[in-house]
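**Q** Please construct the entire structure, taking both the sequences and the accompanying hints into account.
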Amino acid sequence: MPAPLLAAAGRGLWAMGDGGPLARAIRAKLAAALQPTHLQVLDESSRHGGPPGAETHFTVVVVSGRFAGLPPLQRHRLVHAALRAELAGPLHALAIVARTPQQWENDPLVPPRPPCLGGSKQERRRDAAGGDGDSPRNQ
Amino acid sequence: MSGVVRAAWRLGVAAARGPAGRPLSQAPAGRAAGGGAEGSGGSGSREAVERLVRAHPVVVFMKGSPAQPLCGFSNAVVQILRLHGVEDYRAHDVLQDPDLRQGIKNYSNWPTIPQVYLNGEFVGGCDILLQMHQNGDLVEELKKLGIRSALLDAEKDKDKK
Chain A
0 MPAPLLAAAG RGLWAMGDGG PLARAIRAKL AAALQPTHLQ VLDESSRHGG PPGAETHFTV
60 VVVSGRFAGL PPLQRHRLVH AALRAELAGP LHALAIVART PQQWENDPLV PPRPPCLGGS
120 KQERRRDAAG GDGDSPRNQ
Chain B
0 MSGVVRAAWR LGVAAARGPA GRPLSQAPAG RAAGGGAEGS GGSGSREAVE RLVRAHPVVV
60 FMKGSPAQPL CGFSNAVVQI LRLHGVEDYR AHDVLQDPDL RQGIKNYSNW PTIPQVYLNG
120 EFVGGCDILL QMHQNGDLVE ELKKLGIRSA LLDAEKDKDK K
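Chains as they are written, first to last, in numbering that gives the first Met the number 0: chain A, 0 to 138; chain B, 0 to 160.
What the hints contain is simulated information worked out from the structure, not anything from laboratory work.
Every value quoted in this text rests on a predicted model; they were computed, and no experiment measured them.
All C-beta atoms in this analysis are idealised placements derived from N, C-alpha and C, irrespective of residue type, glycine included.
Keep in mind that the hints are not guaranteed to be accurate.
[What the hints assert, rightly or not] To give a feel for the contact side, a few chain A residues facing chain B, derived at Cβ under 8 angstroms:
1) V60
2) G68
3) L69
4) H75
5) L77
6) H79
7) A84
8) G88
9) A92
10) A94
11) V109
12) P114
13) C115
14) L116
[Said to hold, decoys possible] Covered by chain A, per the in silico footprint, the following chain B stretches (three or more residues, Cβ under 8 angstroms):
15) 52 to 58
16) 97 to 111
**A** Pasting the structure below:
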């Protein structure tokens, strides 16, 4: 395929696939911290009462050798550590699938996400009413 | 196993849709904000949280209540516990208490809700509880607390057939 066409196709895929600025930041930080062999960063905000692309609720699927020998709690803490700034900011909820390459090979399925029950809508009402002292939304 | 869990989501959604939509009763407007989550004696202080997590073998910090969860992840925890026949546990609604909401995150150094504590020890959130449920660890951990999972009885019935 000619180079310009390939580049254009790449750009189109990038625009579709990589998501908004927070998704890209999450992806970059997880890549740097955990050198994953497989990484999915999914903006699930629209499933939690927000508009599509709201970038408040994410699911990350991280497959990394760094998780070997670590219990789930420690694996999740590694992910949290990589995303400390985002979690202190606009990232409201984070679902994590953390597997070693071996585990991923044995089971490349992601469990179904639980349905939203409107919690964040309740919270927005409370925020409007005077806030709950939670993370400063400074982005 | 995952079929059972999917059934649990559906059960949870059905259960939540019943009472869902009723307005959450708000904390009184004039409530003092206090000196921040870690203010001495405040509900979010280390001491206060420690008391809560040690008050019962199974303690959950969630959004909403077991009868009316207000978050899918919190509801997942409730449904998993229900599957195991664990109905007697302490649940704290962090939406009712901003100091507790921040305090529990500081205490466990964990940024999100829900949070599950077994025997006073932080175990993880919804994803981890789900994993423990799927791989049999939850049955074992409950056994250590002297709680017999209802799933063991279900298994026994299955074997009989």
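**Q** All hints are to be evaluated individually against the structure, with a verdict given for each.
**A** Results of checking the hints against the structure:
Contact between A/V60 and chain B, as hinted, is not supported at the beta carbon level, the nearest pair being about 11 angstroms apart and thus beyond 8 angstroms. Nearest Cβ of chain B to the Cβ of A/G68: about 16 angstroms, over the 8 angstroms cut. The hint is violated. Interface hint status for A/L69: violated, as the beta-carbon distance to the closest one in chain B is roughly 12 angstroms, over 8 angstroms. Interface restraint check for A/H75: the shortest CB-CB distance to chain B comes to about 7 angstroms, inside 8 angstroms, so the restraint holds.
For A/L77, the interface hint is violated, since its Cβ never comes within 8 angstroms of a Cβ in chain B; the closest pair sits about 13 angstroms apart. A hinted interface residue such as A/H79 counts as satisfied when its beta carbon comes closer than 8 angstroms to some beta carbon of chain B; here the least separation is about 6 angstroms, so the hint holds. The criterion of a C-beta within 8 angstroms of any C-beta in chain B is not met by A/A84, whose closest approach is roughly 11 angstroms, and the hint is violated. The beta carbon of A/G88 comes no nearer than 11 angstroms to any beta carbon in chain B, farther than 8 angstroms, and the hint placing it at the interface is violated.
Hint status for A/A92 relative to chain B: holds, with the closest Cβ pair at about 6 angstroms, below 8 angstroms. Evaluation of the A/A94 hint against chain B yields a held restraint, the C-beta minimum of about 6 angstroms falling below 8 angstroms. Taking 8 angstroms as the C-beta cut-off, the interface hint given for A/V109 is violated, the closest approach to chain B being about 11 angstroms. Hint status for A/P114: holds, given a least beta-carbon distance of 5 angstroms to chain B, under 8 angstroms.
Among the interface hints, the one on A/C115 holds; its C-beta lies about 5 angstroms from the nearest C-beta in chain B, closer than the 8 angstroms criterion. With 8 angstroms as the threshold, the beta carbon of A/L116 comes within range of chain B, its nearest partner Cβ sitting at about 5 angstroms, so the hint holds. Coverage of the segment 52 to 58 of chain B by chain A is violated in this model, with 0 residues showing a Cβ closer than 8 angstroms to a Cβ of that chain against a need of three. Coverage of the segment 97 to 111 of chain B by chain A holds. Counting CB-CB distances below 8 angstroms, 8 residues qualify, and the rule asks for three or more.
In the structure shown, a violation is registered for the earlier hints numbered 1, 2, 3, 5, 7, 8, 11 and 15, in ascending order.
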